[in-house]
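There are 2 protein chains.
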Amino acid sequence: MTTIVTNPKITWGPRVDLRDLPNLYAPQTVDPYTPPPPGIDNLGISSTDTFMIPGKGEFKVDFQGYVRVARSQPSTDQWLDSEVYTNLIEMCMRGEAPEIGQIVVTLNPDILSTGMLRTPWADMNCEQPEKACRMAVAALFTLPQLGMTLFNKEPIELTIDHVQAIPPAGNPGEGRIYQVLPLFDLANPDSKPAAYLTGLKFAMGNYVTEAQLQSIASE
Amino acid sequence: MTTIVTNPKITWGPRVDLRDLPNLYAPQTVDPYTPPPPGIDNLGISSTDTFMIPGKGEFKVDFQGYVRVARSQPSTDQWLDSEVYTNLIEMCMRGEAPEIGQIVVTLNPDILSTGMLRTPWADMNCEQPEKACRMAVAALFTLPQLGMTLFNKEPIELTIDHVQAIPPAGNPGEGRIYQVLPLFDLANPDSKPAAYLTGLKFAMGNYVTEAQLQSIASE
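Protein sequences, first through last, are from chains B and U. Each residue of the first sequence is one higher than the one before, counting from 4 in the numbering used here. Each residue of the second sequence is one higher than the one before, counting from 4 in the numbering used here.
Bound-form chain B, shown alone (with noise of 0.2 Å):
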């Protein structure tokens, strides 16, 4: 169903080397406020996305699935000044809409998804500081029920704040959207939008299974 994001060509961030990184299922124990080994983390997610297309209405889509998120070594080993690099290498995402269907989400792999987790500079003299995360998504949304794929060409800024350990399982996030975020048709790429995202929340679950993660998948 999901491709694994490993060698695009574009990329919105720095690149994390995923040789030798371990794949982390759950039960994991987490360590808050401590910079931790580099790997793969499997993590479930939910999110609220309304989009706009035009000429359909509003849709507000509640989704549920996994994301795969390597992560660099950290950049030192103090808490309050390691910096880590992340790379979404994997999503699915399923949700629904009465009017137009089942959504499914997955990343787009000719774009490959970055971001960071750091200290705000204002923090930088708290002792423990909360860090801040930020990441850039390239999405593929796919509504088989209207023959549509519909994709992102700026990236999706989802960010995090409050983090007090990493993964930030359970975190709330939002995605940084100022009004509107143009979609487009995977079909018809070069047209106008034919869609907007007007809105996302979404929220960190905790690590899952291997066998959870291919269900969700496999679907």
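Note that these hints are calculated values from the structure, not bench results. Where hints are given, some of them may not hold.
Any copy, or any two copies together, can satisfy a pair, since identical chains are not distinguished.
[Stated by the list, open to error] Listed below are the simulated EDC-like cross-link pairs for lysine to aspartate or glutamate, each with C-alpha atoms no more than 16 Å apart in a straight line:
1. LYS195 to ASP20
2. LYS63 to GLU99
3. LYS12 to GLU213
4. LYS195 to ASP84
5. LYS59 to GLU102
6. LYS195 to GLU86
7. LYS12 to ASP113
8. LYS195 to GLU157
9. LYS195 to ASP65
10. LYS12 to ASP193
11. LYS63 to GLU177
12. LYS59 to ASP188
13. LYS204 to GLU177
14. LYS12 to GLU102
15. LYS204 to ASP164
Chain B is fixed; fit chain U onto it per the hints.
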């Protein structure tokens, strides 16, 4: 000094057909609330950008310069529902900070900076709505004193609200930056961010003459 961006492979939105577009310099008469015939607007621009350079600190820099914006044929001939697509084909802004010297902002020739003007969904029942303008910009920040050119991999999203005329000369606008937008060193593009854009406020100027534009470009 600057390059005209015409045909890059990466685009952040729809391309505007540049053939037969008239080059519009000062003076021009712009009718408010009227979809204009297509053209290339040569406009002044001012901007105040804030940069964080790790190890060097935060710098707030005032820029002055010009932009050349190609505008599409409006999608309809009514102001209410017409959409206009834009491509930024040339930019030159100059600023200076005592600690880091001159900064010249031009376009990244590898990516097409694209935008659009449209009526917000919420205002589609207004008789004479104000339009919203958004543009995704790929820039080069050249810092001769530091021997460094910075560029963004995620778009700098510039927005202008309350647009009563196209082009929105004189309107203030904002860069929609949530905390930080990573900037990379062109000499080491795959490395971690070399700096961050942390804030951006700008104002569109009026039409400039061809002589004014040349004078800024060749400074």
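Which of the stated hints cannot be reconciled with the structure, identified by number in ascending sequence? 3, 9 and 14
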